[in-house]
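> Given chain A's structure and the hints, the job is docking chain B onto it.
As they're listed, the protein sequences go chains A and B. Reminder that position 6 of the first sequence reads as 6 in our numbering, one-by-one numbering, no gaps. Reminder that position 198 of the second sequence reads as 198 in our numbering, one-by-one numbering, no gaps.
It cannot be assumed that every hint is accurate.
Where chains are identical, the list cannot tell them apart; a pair therefore holds if satisfied intra-copy or between any two copies.
[Unchecked claim] Think about it this way: if two alpha-carbon atoms lie no more than 30 Å apart in a straight line, the pair counts; the simulated DSSO-like pairs of lysine-lysine are:
#	residue 1	residue 2
1	K19	K108
2	K151	K19
3	K60	K108
4	K3	K239
5	K151	K117
6	K151	K132
For the record, the hints were derived by calculation from the structure and aren't laboratory data.
There are 2 protein chains.
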Amino acid sequence: MHKLLLLSYNEKGRQAYLKHVEAANLPELEIADSASAEVDLVFGSPALIVEVLPNLPALKWVQATWAGVEPLLDPTLRRDYILTNARGVFGGLMSEYVFGYLLLHERKILQRLEAQKNSQWEPSLTGTLHGKTIGLLGVGSIGTHLAETAKHFGMIVRGYTRNSETSPHVDRYYHGENLLAFANGLDFLVSVLPNTPETTKIIDARLIAALPTQAIFINAGRGSALDETALLNALNNDKLAGAVLDVFEQEPLPPEHPLWHAKNLFITSHTAAPSFPEDISRVFIDNYLNYVNNKPLNYQVNFDLGY
Amino acid sequence: MHKLLLLSYNEKGRQAYLKHVEAANLPELEIADSASAEVDLVFGSPALIVEVLPNLPALKWVQATWAGVEPLLDPTLRRDYILTNARGVFGGLMSEYVFGYLLLHERKILQRLEAQKNSQWEPSLTGTLHGKTIGLLGVGSIGTHLAETAKHFGMIVRGYTRNSETSPHVDRYYHGENLLAFANGLDFLVSVLPNTPETTKIIDARLIAALPTQAIFINAGRGSALDETALLNALNNDKLAGAVLDVFEQEPLPPEHPLWHAKNLFITSHTAAPSFPEDISRVFIDNYLNYVNNKPLNYQVNFDLGY
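Bound-form chain A, shown alone (with noise of 0.2 Å):
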């Protein structure tokens, strides 16, 4: 018999989740009331489980409800369990925001919305995705599924990525020190990218300054991976002629914060992909199912790599 512990921020949260594990009616498993020397699983939010960590003698597997695992990824805590993360189920909802925010930008829908306040009949002509360039810092599962949208607009894919070159939406892959290279020419920039090392403030003044003028930057990933003063700079600056951000160095982004009235700035709340419970519900049934019949388990985080 295993014995599952589920953190959540709150009881509703727990609630819905634990509905949706009940549901599945799993072999050989029961749900733990607290931390106790019994529980061998856990399921939920990283920085949740990182406080229970030292009460868990018996822990295996921890199945985090997040794709980032920041927390939990401290070099002074234990590392002597399986760690998953939540993939594969961020893509759809990455890709509604990115290319929200993309066409919102293209289409010139707040120009036109201007207009219609005034009764005004504004025929100028739209902008279109097809043909531009993206270019994207990071292509894992929701890397990809950005690319795939993008090819269906019609539009050109570069990726940068450490060393992998898997998704088959990408026209052109960079890696290393071809970071700007990948950037010169490319209508948008998206980070998708995880907190790591060797993301920090990857995004820099360099990076922005080799990136058209008229590109917009979005970044989904981690606020670890942008230097939020280059990036106020070159706004301020028109060195840039957008941004959208759902991720900071700081959050919530304290209300005396610059980038809050930043020239032609989008911020968002880290509500570009949400966990919704039904969808991380079945990441953990999945991996459960996997780890009772001995079989790998999808999403291993690697503790060095940070991903």
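Chain B alone, transformed into the frame defined by chain A:
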């Protein structure tokens, strides 16, 4: 030798088409300076062609630069020539338009923009297209592209057509008297219907009442398909969550028209899918090669059906 008359609303447009046609080095083709007895082919805007029809005794084939060819369908006009319209080039642009506004709605882009103006962190859950149901009024080449985009975003797709069932991306087709069953339970209703006698005010008070009150309606086909008064009443009485109109009974929409300030209505000025000379010229060039090689022409319009 064939003699082609090229008609555009202004010299700049005409030069753009001319450039692409000339670059193709088409065999046995001469460009005419004006409507004359020798002209056997016309490539241009339908309303302009109507004016020169009586002066073209040798006319054999007209390639319209638009999808909508209403002016040429007037039953008092001659029909002794082959009429082809522009198809296959608007699907991508229409998808960008429709999904730009659907994502604006689901992702709460305007609401989040308001929060940003107040430097306010706004983490409310996003909506998603995934799992929602879209109904397409008209599933020709444009509707097929919309259906494919909808499936890419994980939506359920219904199609309402006269009788065709050709798109593999439509989950369920409806015809004839099943219009209200088609509308029942839709999250989004999108019309890309052409202007024909059968589509006149097909979107009326009864159809709108059959939609759920949280539904969104988009008209990117022709204004004649919509009873504008019925839509206005539904919006202003919260019987419908919102609408997006690109086409109107009268264009330009007059400044005093009540639609400009209807509740939850977005107005664009017939800009959803412009005719880009490069795309439309390719349609003409391909068809010209069919013509001189005695092959059937693409996109022939049936004068009686109106499309």
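> For every hint, state whether the structure bears it out.
Each hint tested on the structure:
no.: 1; hint: K19 - K108; result: between (43 Å within a copy, 28 Å between copies)
no.: 2; hint: K151 - K19; result: between (38 Å within a copy, 28 Å between copies)
no.: 3; hint: K60 - K108; result: neither (52 Å within a copy, 41 Å between copies)
no.: 4; hint: K3 - K239; result: neither (55 Å within a copy, 50 Å between copies)
no.: 5; hint: K151 - K117; result: neither (35 Å within a copy, 34 Å between copies)
no.: 6; hint: K151 - K132; result: both (10 Å within a copy, 23 Å between copies)
Checked against the numbered hints above, the structure breaks hints 3, 4, 5 and satisfies the rest.
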